[in-house]
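As a plain string of letters, each chain reads:
Protein chains: 2
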Amino acid sequence: VSEFYYQGVIDGMTELLEQLREVTGARGYLDGDSIGERHFHDLMGARRIRPQLLLRPGTTAELSRILALCHAANQPVAVQGGMTGLVSAAAPQQGEIAISMERMKQVIEIDPFTATITVEAGLPLQTLQETAAEHGLLFPLDLGSRGSCTIGGNLSTNAGGNRVIRYGMTRDLVLGLEVVLADGTVLEGLSKLRKNNTGYDLKQLFIGSEGTLGVITKAVLKLMPQPGTQDVAVCGVNGFEKVAELLLHAQKTLGGNLTGFEVIWRNTYELICQHATKVKAPLPVDYDFYVLIESMGSGGKGDRTGFEDMLGAALDLGLVSDAVLSNSAAERDALWQVRDAAAGVAAGIGFMHNYDISLNVSDMDYFGTEVEKRLRSHWPDAILGLFGHVGDGNLHIIIHVGEQTRALHQAIDDVIYGLIRELGGSVSAEHGIGLMKKSYLDYSRSAQEIQLMKTLKQALDPKGILSPGRIFD
Amino acid sequence: VSEFYYQGVIDGMTELLEQLREVTGARGYLDGDSIGERHFHDLMGARRIRPQLLLRPGTTAELSRILALCHAANQPVAVQGGMTGLVSAAAPQQGEIAISMERMKQVIEIDPFTATITVEAGLPLQTLQETAAEHGLLFPLDLGSRGSCTIGGNLSTNAGGNRVIRYGMTRDLVLGLEVVLADGTVLEGLSKLRKNNTGYDLKQLFIGSEGTLGVITKAVLKLMPQPGTQDVAVCGVNGFEKVAELLLHAQKTLGGNLTGFEVIWRNTYELICQHATKVKAPLPVDYDFYVLIESMGSGGKGDRTGFEDMLGAALDLGLVSDAVLSNSAAERDALWQVRDAAAGVAAGIGFMHNYDISLNVSDMDYFGTEVEKRLRSHWPDAILGLFGHVGDGNLHIIIHVGEQTRALHQAIDDVIYGLIRELGGSVSAEHGIGLMKKSYLDYSRSAQEIQLMKTLKQALDPKGILSPGRIFD
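Chains as they are written, first to last, in our numbering: chain A, 1 to 473; chain B, 1001 to 1473.
Keep in mind that the hints are not guaranteed to be accurate.
When the alpha-carbon atoms are kept at most 35 Å apart in a straight line, the in silico DSBU-like pairs for lysine-lysine are as follows [stated by the list, open to error]:
#, chain 1, residue 1, chain 2, residue 2
1, B, Lys1438, A, Lys222
2, A, Lys438, A, Lys373
3, B, Lys1252, A, Lys301
4, B, Lys1252, A, Lys222
5, B, Lys1438, A, Lys252
Please keep in mind that the hints were generated in silico from the structure rather than gathered at the bench.
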């Protein structure tokens, strides 16, 4: 390869950069030291790479022209929302141009009659929630990073969170999307219609595909009525078979009002009592499991009695050994703090890995016992805890194996994901695959499925410029 | 082209038929007069073509080998469920081999802890509903053809029906699918997991794509708790703005319990009173709209009072002028019969076309007035009625324009779909596109969207052997 070739590459890049700057203007074009460090990495922070360029389009038309230029130049891009991901999907790789959606954050319309909100992708989740609330409506997606994460990121990762048992994942809240394809083609699909069987439901391709098939620019989302009442109880339960029966009982008696069924294994509850000093333990460390049940009703008189009846029947049936029921908003918050403290006990212990897996409820008891046995066979003094959204089949595992915890990431992965594979579970319930979990994708998906994913990638992004190397190679 | 060519084609076909017969055995292989006439056409019956062969695979492995052979031989196929479709998707075209899923109708597993049922595609919907009910659970999808239609057909058309406002379309009830691709590859995806963000959600491709991208062989479906109470009211309402406000009021006060919000325009109510002689009209012909509201609760004491409170408040607010509330199961059924009679008034009038469209609730009042005006400008004596699942944005229009009603199908289509196009609505809310609505696909979808549909078809079925010509050319 001659020096003319390299000169050609350099000239080509110079020309591309000039064209991109023309599209975005100075406000949308940052390079060198002017690129903020938060664009180098996601919340997990496994990689910190400065993108060669940061583009901040202000409109769909600008993004379309950016992608058309990058496509023509075979230039890979990494699309960024709030950078709160955990699997290195939005973090740039060497040589990629970062495209941040942060300037596209308008609320375009809120329509009470279709109960929809139409927004740009860069809108922070919390702003979206607050806008809906101002109109007396609820946007039910909720997760810890609500202040920083963007709805575009929630869509591209199919985020889950706290109320999935009642309202579903992000995918279930989407009516329409506007998407820019790899070559700059704009796919207009901002429909508010709840029923629309006119050909393929194309929006499904872009939800949860982590930016590899297209860039979501706008969305029409479903809103719900604001619930009028909220009741919370924490129950002490002995034996997992009673946890499973309690779930069926709560679903049967609370029906559509059940919004939370969170289970804390005793090992986690002990860690909370020891290390989360600000949390007041509602029950003694006497039970195998601690179950938080939440119900939200529309505000009728029957909501509270219905919740009390559910709990009374659970005690009578012997499903629950003891229970604490909230009598005020402050008490509700205090009970939720117990559940939320599970993720925070690391502060008193040292660095802990936090796993996000899902499996069938009927396999959870075995999983809890077996994963502890296998982990202890490698690290006898491991500190670990299980907890999670059992109503959705979603568990979290926190683990500390001593000073080497960070370095032993892959060895711990192998134990946990190995067991998940045996049980037909998912190595990623909520967080996605990105770069971080790529080597475990085939633990949860078949060779034929992964081949079809590659066929779709090839069909939609034949040059592979959109977030290359994420999910699969 | 020489006669050797034709001889080659005949030899090739003879060989294919022999191979197919080897795969299926005599029980799964029917030709000539042994093919029942019900395999020639769907419920709409616009086309009646005898398939050159009817194959009835008994297992996924058999279907996989059938498709591999047809793929190698460039032989197009039409996959059939219960043949209750309305848009000529499953009806065979000239030269196609029909593949009926009717022998694959096993219930594979019902799992109360994940609240799922795993079934084969040929299972009739009603059998699925009854199996769930035997286990104290509800499969909420419900439509008039429940006794004949199959779950595979429901999945491939993304069927809607009576309870979409609460439980969603068929798509919303699916956790996992097993699918055979055009070349015979089996895609195993029978996951019961409610959260599984491991790469692309491939099952979405096959739901609602009318058999053009793959053949669904098995499904894992969500089940719900059986509701304990059911309350129904029919309300007389003057002015569409009050209908829209009543919808918001019902959603707000009934929350997750609202299962039905059906609206009958006065023109339809008059037709029902005149022609549906078996139906007892619950209210006089005095109001602009007749709204049926249904609520299903989990069985608590508050369910009935909550419903009565909702209705009382609606009367106090002036949203409702008069209302009839059910006090027994018989009265509930009688109120639903009024709504169901809308589709049956043709018996007293003559052939009526029945349209299935959707649009935003805020456009419905204008649509009702304008569509009548435009239709009458062509056919001054047209008999027409509007009614539908307004809570889902879904309307039906029945129309009779005299003896020529059948022959004038396309002229009536042009008026109705033309207005739908202007309003950004959908030319097919529930029924799909098939062959019948193909020429109107671009009324509801953009050129870029249709191009992407074709890209997907090309990627998944490059030889075009799966239901060719359906949805688009």
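Right, here's what the structure says about each hint:
The hinted pair formed by B:Lys1438 and A:Lys222 meets the criterion: a straight-line CA distance of about 29 Å does not exceed 35 Å. A threshold of 35 Å between alpha carbons decides the hint, and for A:Lys438 with A:Lys373 the separation of about 26 Å falls inside it, so the pair holds. Distance check on the hinted pair: B:Lys1252 and A:Lys301 sit about 14 Å apart at the alpha-carbon level, within 35 Å; holds. Of the supplied pair hints, the one linking B:Lys1252 and A:Lys222 holds, its CA atoms being roughly 15 Å apart against a limit of 35 Å.
For the given pair, B:Lys1438 sits about 44 Å from A:Lys252 by alpha-carbon distance, which is inconsistent with the 35 Å threshold.
The structure does not agree with numbered hint 5 stated previously, though it agrees with all others.
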